[in-house]
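Trainee: Residue numbers (our numbering), protein chains in the order written: chain G, 1 to 366; chain C, 367 to 854; chain U, 855 to 1101.
It cannot be assumed that every hint is accurate.
[To be verified] Going by beta-carbon spacing under 10 Å, a handful of chain C positions derived as facing chain G: (1) Thr-433; (2) Ser-605; (3) Ser-607; (4) Glu-782; (5) Glu-791.
Just so you know, these hints were derived from the structure itself, not from any lab. Please read these numbers as outputs of a predicted model, since none were measured by experiment. Where is the CB? At the ideal position from N, CA and C, for every residue including glycine.
Here are the chains, one letter per residue:
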Amino acid sequence: MTALPTRKLEAWRYTDLKNLAAISFVEATPTKIVAPLPDLGIPRIVFVNGTYNAALSTPPDFLSSFAKVVDESSLPLVQINAAHAHDGATIDVPANIDAGAVMLVSYANAEMPMAFHPRHRVVLGEGSKLTIIEVAIGQGVYWHNPVTDIILHEGAALSHYRLQDEGLDAFHLATIRAQVAEKAAYESFSLVIGAKLSRAEFHATLSGPNATTHLNAAQLLRGRQHADFTSVVAHKAPNCASRQTVKSVLSDHSRGVFQGRIEVARVAQKTDGYQMNQALLLSPHAEIDIKPELEIFADDVKCSHGATIGALDPEQIFYLRSRGIPEDQARAMLIRAFLTEALEPVTNEAARVFLEDTIETWWARK
Amino acid sequence: MAAVIETLETVDALAAQKYKYGFETNIAMDAFPKGLNEDIVRMISAKKDEPAWMLEWRLKAYARWRTMEEPNWARVQHPPIDYENLYYYAAPSGPAPKSLDEVDPELLKMYDKLGIPLNERAALAGVESPTVAVDAVFDSVSVATTFRETLAKSGVIFCPISEAVREHPDLVKEYLGSVIPVADNYFSALNSAVFSDGSFVYIPKGVKCPMELSTYFRINARNTGQFERTLIIAAEGASVSYLEGCTAPMRDENQLHAAVVELVALDDAKIKYSTVQNWYPGDANGKGGIYNFVTKRGACRGKNSKISWTQVETGSAITWKYPSCILQGDNSVGEFYSVALTHNYQQADTGTKMIHIGKNTSSTIISKGISAGHSNNTYRGLVKIMPGATGARNFTQCDSLLIGDECGAHTVPYIESRNMSAKVEHEATTSKIAEDQLFYCRSRGLSEEDAVGLIVNGFCKDVLKELPMEFAVEAQKLLAVSLEGSVG
Amino acid sequence: MLEIKNLSASIGDKEILRGVNLVVPDGEIHAIMGPNGAGKSTLSYVLSGREGYEVTGGSAFYNGQDLLAMEPEARAAAGVFLAFQYPVELPGVGNANFIRTALNAVRRARGEGELDAVAFLKLARTAIKNLSMPDDMLKRNVNVGFSGGEKKRNEVLQMALLQPGLAILDETDSGLDIDALKIVSEGVNALRGPKFSALIITHYQRLLDHIVPDYVHVLAAGKIIRSGGPELALELEAHGYAGLEAA
């Protein structure tokens, strides 16, 4: 098996997998479901311990069967996935269809430490539309290492909303690669609240003119959770736009990581690239590491990034309290306001309500 | 045919004009054999009459260097450097001059040509009041340091570091390598083994240095590495402003410059360090030019201390340089103001590190990168807030400007915070000169090049205003000259 | 009734209030005037419970409750309202949500039922209309992108909805044009009644043309050095603080 990446690799300088490497995982086996699965009344594709579960699924008609893929990626986790992947969702929407919304649920129940490496593939034909609401939940010690390949043909639009709510002993290392053709749009939002250690690594390639992508995320961490959001947006055609807003709310001993790179090729004139990372540290022991990178080879571009790190503003808390709002509630209001911006592009009503409700319940989980 | 020759001549003349410091000075030189080994280190030490502890320090550094590898993380590319094919020591022959009168007139002429005042007479005769004291370093040695006596009256020590090793061993022992450990990186280890000369400055307790101090570096000899070493110490309540300028002749081969600069500021002390780096950048095809691999770091060791770096980097084929601040004392302040301009095939990978350790420490980073021609310009920086740095503040602004579509502009900031009360703000933008700005200037009668020069100077204003007056004017001209041929 | 006795407070090592004595009975409006640095804003912050001010002596009771021992939100629930000199911006927090949350927190503390969104909006729209404010005031984020005048009007809107028993207006007139000044004044005057009292902190007389106070006090160097009727404000306007301090 390909070795796990170490911190010696620049791309992994802030995320250490030695705790993962120390565990010997067994092959994932079928299991029983002991927690309710989310149901939004839309078609649902369910994987249990990494294997498709027909009984629990109400698949959409454009779901086809899994086909093993050949992959020459240099990314270590993708190589490991390629070597082990035996299942995954293959979604193929023909041209000019509004395919609505579909849920993709990964449920894990690990009695023994176990690893699974699903390989998902989403292809949208010219002018097609789809919304995917992806949820990862589970319990026990397990390693979920999904790779999702997304191909959007001309004018296609995929909205991809992800809730990573894995069990608190789990490792979640997801790689998402998106090819976005002319006038196509890949819009994603990830809400990260679960797992002991997690990383979502996005590679979005804007390969045709006027392609766009949003890679937004919110991390809400506590305890000793570690969450890494890494993205590489490659602008390879003119007039493309990319937006990234990542917000981190870090309490206790948690640690958030944001690494984002915008690459602008020589041909990609009129690129509009934007990255913003904001972190709220709620505890003296929390840590944030940020590395926003711009790599630009075209001159007629507008690229910017910004980062702010700080605690809640005492002035704002006092203002709220002076109006009669108790301190806890004031803090919660300000944190929710802080997250609002990252949630803005979530245009699908059902997804938005689902994610907002999840954030609401996060407070009560303590 | 004639027309072709004439054209070629014109181009040559233009090229020469662009880098007006490209002449060579013919002067008798002593040089050690090429290559690096323990014997060369011993010879350098012996040549400088160094005490045994200094030789030992060098040998240790040499041994460490042998075990290290050249760093490759920066966004710069160059053919491998053959460290065995370099001269590690070159100096004007004969005994070291004891006063200005003994300095070789050829050298004085050269500094005159460069516009460096090595002449104390006018000031001493009372014609003008001295504002700048200069240490001039030619290849491996310091050839003249002016106004030493004037400075000595207020207790300021300003001398070649080789002299300080002999005359002020306690100070050198205490502080040399205390900010940048010998094995901090490949080039600092190399420098520690073979450093030849550079400036030493000590400002005693409570003294505000009465004039600007300045060192002027010149690489003249062929195939010679320059390994300057500078150490500046500002004791409690002291303050100093220090300027550094650099040039080299135009040569087809690349030359190595691997300097180490250490600053130490004790309680309430202030050090302002300004650089205008104009080493030979190579020709329009990327041939020749200096490899400028420099380690600069300041330690704000005392409470309320302040270290401010200002740099205007227009020269060198490759610049690899990260003037940094370790903010250890409570309430200490670090600043980094930088303009880096690359043209033709130049490469710059430069930025800073601000390490916040003490309480209420604050840092400001303003970086302006301008890329033209086929050049690549990278800002790389680290802001690190340690758990104890309660109330720390950082503000970073790094802007890049691209001129032409064959160049690259890159921004690689690292931000790490481990204290909730710290506040860190970072902004970066990349853009090109707006057409409407250019048109507006041209409609008022400016040529396109003048318009670009004007706009670039405006873009850099926040940094240039940090330079001492004389340098600011020079730097503005330098920016305009360095951009010649970048438009149209 | 607000009763301040011998109140002293400092910021860090600096003593700002040096024994302030003041009684504001229900139904009365008192103005506090004084030169810059006299301690006017400090007094308003100490009364509303902002951190960073150390009370070094004295007391402040409102309707028999020890204000200085209470959390800021408890003071608000007890009926104390501070109109900020520099209202704070809350990006991402909708104004309607903010005011409704505040109103319900205060109502809860007073044992009153909470208002649902519909009931609140009805109430808020009426208040906005009464204050001649634009409707979108409720939709925007709290004070974000507001002009100086809009921020002050937003303070008055909150006051109108929270119905405090004691309003402290900290330089509410600063930065207001004459129309905004009138609107703000009308907002305060509309609350006037036997159960409402106010402490109006101002540098200038002009606000007092619109909100006529029952008493005027002069605060200088952390102490009230003179008290009088509305005519005292006119006298200050004519002769300045300098002459008064010399006297």
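Trainee: Each hint should be assessed against the structure and marked as holding or not.
Mentor: Results of checking the hints against the structure:
Evaluation of the C/Thr-433 hint against chain G yields a violated restraint, the C-beta minimum of about 18 Å exceeding 10 Å. Look at C/Ser-605: its Cβ only gets to about 32 Å from chain G, farther than 10 Å, so that hint breaks. For the restraint placing C/Ser-607 at the interface with chain G, the shortest Cβ-Cβ distance is roughly 32 Å, beyond the 10 Å limit, so the hint is violated. For C/Glu-782, the suggested interface contact is upheld, since its CB lies about 5 Å from the closest CB of chain G, less than 10 Å.
For the restraint placing C/Glu-791 at the interface with chain G, the shortest Cβ-Cβ distance is roughly 5 Å, inside the 10 Å limit, so the hint holds.
Figure legend: structure checked against the earlier numbered hints; hints not met, in rising order: 1, 2, 3.
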